[in-house]
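Q: Letter by letter, the chains look like this.
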Amino acid sequence: MSELHPEPIVNADSEVYWAAARDGRLALQKCQDCGHLDFMPRHVCPKCWSDAKQWVDAAGTGTVHSFSIVHRAPLPAFRDDVPYVVALIDLAEGPRIMTNIVGDKALDVEIGASVTLCFEDRGEAKVPQFQLAD
Amino acid sequence: MTGTNLRNAVAIVGVGESDIGKVPHMTGLGLNAQAAKRALDETGLKPADIDGLLTAYSFTEPYFMMGSVLCEYLGLKPTFNASMIVGGASPAVMLKHAAEAIASGQAEVILCCAGENRATGQSRDQAVAALVAVGHPYFEQPYGASIPSFYAMITRRHMHEYGTTREQLAQMAVTTRDHAVRHPNAHMTKPITLDDVINSKPIAEPLNILDCCLISDAGGAYIVTSAARAKDLQADPIYLHGIGEYHTHEHLICAESLTEFGAVQSGQAAYNMAGLGPGDVDFAELYDCFTVVPMIEMEELGLCERGAAGALIEAGETRIEGRMPINTHGGMLSHAHAGAAGGLFGIIEAVRQLRGGEGERQVAKRDVALVHNEGGILSSHCTMILGREMR
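Chain order of the listed sequences is A and B.
Per the working numbering, residue 1 is the first one in the first sequence, and the count goes up by one each step.
Per the working numbering, residue 1001 is the first one in the second sequence, and the count goes up by one each step.
To be clear, the hints were calculated from the coordinates, so they are not data collected in a lab.
No residue lacks a Cβ here, since even glycine has one placed at the ideal position from N, Cα and C.
Just so you know, not all the hints are guaranteed correct.
The list that follows gives simulated cross-link-like pairs (lysine to aspartate or glutamate, EDC-like), each with its CA atoms no further than 20 Å apart [unchecked claim]:
1. B:1201 - B:1125
2. B:1037 - B:1236
3. B:1201 - A:81
4. A:47 - B:1250
5. B:1201 - A:120
6. B:1201 - B:1167
Stretch-level coverage of chain A by chain B, calculated; a stretch enters the list once three of its residues show a Cβ under 8 Å from a Cβ in chain B [said to hold, decoys possible]:
7. 58-70
8. 93-103
Here's a subset of chain A near chain B, in silico, CB distances under 10 Å, partners left out [to be verified]:
9. 6
10. 13
11. 37
12. 40
13. 41
14. 43
15. 44
16. 48
17. 74
18. 78
19. 82
20. 111
21. 112
22. 129
23. 132
Based on the provided sequences and hints, a complete structural model is requested.
A: This is how it looks when you write it as structure tokens:
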């Protein structure tokens, strides 16, 4: 019996992000001073160091910037999933996010493919994932 | 920003490698000690002459203050001691810090070393799991992303943007293996073919196991002193002409590009300090944790145009006999890779090639060498230009 996929680790930087995910939303941080949109949650804007940041919801669409099909899982929890896709997605809003490509046709992924947001249940939490758009 | 001009301020006066491969009878600290002893033996200096130590970190040894731990293990009481944690860039960054420390009078003879018993000090599963820590704990690790998968995404993007082929990537591994075959202490000494690489076990597409660096037991060391003192020592001094570093991110999600990295800037800083350019470089020892990495570095460091590395490798120009020999010891793909020590063997090899006398491994032109180390996911970069004449 393999281990379950790990639940996300929530901290003060990311609690809004993971709370939004539980509601089925992908939240991004927008700088109130320079307008920079950021994926990785943090205390200050990496462009201007403003700490005035607002959470906004992403539309949940994007394109595949690059991907790999993993055959050697780094942790036991993913061993039964091989081969599986790890990808970097350019969100419609601009920021880049790491994800799996999930769904029946995941292994057909190509650079530039359109993808849409979905969620994977992990215990009480939900983890943002993407699947190939129809 | 140019910083202190360290051009020709210091020289590497001794280099040493531990036994390499599977060395189950030695600890990680023992491997460091063996490499340090061999490096010191080249100089004619005594252990008590060492008044500075720089090292990195270890995934297999349970020690926290690695610099102090090594001083204690080696019986050293230095006036200068630090542990670098910039991943694979650490061995090159050590030389920059050593040069600055010597130039500012903090120490006179500095031992730089790193090494781990990664092959036998842990299981293969432990080795792979430990390396997961390089990925972002909250936003990459939850997706089962491995280090090979990060470099695989970079590789695929390079193929997509520049037309780099599966065969060109494989040729990088084949060429460096041919170099390792000629090295008396390399981990891997059996020749391989393009088909071997292309048909080897897939790890993270498009990378197969023979596109990935080794997991070795290995330690490496070099000794640095002032250019003035170097003249009186046993071995031919190898001068530091220029060195530069540049840091852009740690995690791939924060990299601004998958094809453009900080080796451009670290290389430019090194060239500027040296007063030299890519056209002056006779051979290069590049970081090669995966086959695409030395190709990206050749391009970023101006050794060829963007996207042209694959064709150069395919044409045999990176062979020891070629116009721009790359990784003449076999690199991390075939000579050794043990944590922070991986890039250190490139520094050792550059020193040996510049001194000359390496037999069938010797490059023909040996005035100026370039060494590049990178850490993380092409995150931290350090480039050095070394030479055998003050210039």
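Q: Of all the hints numbered above, which does this structure not satisfy? Sort the numbers upward.
A: 5, 11, 14, 15, 16 and 23
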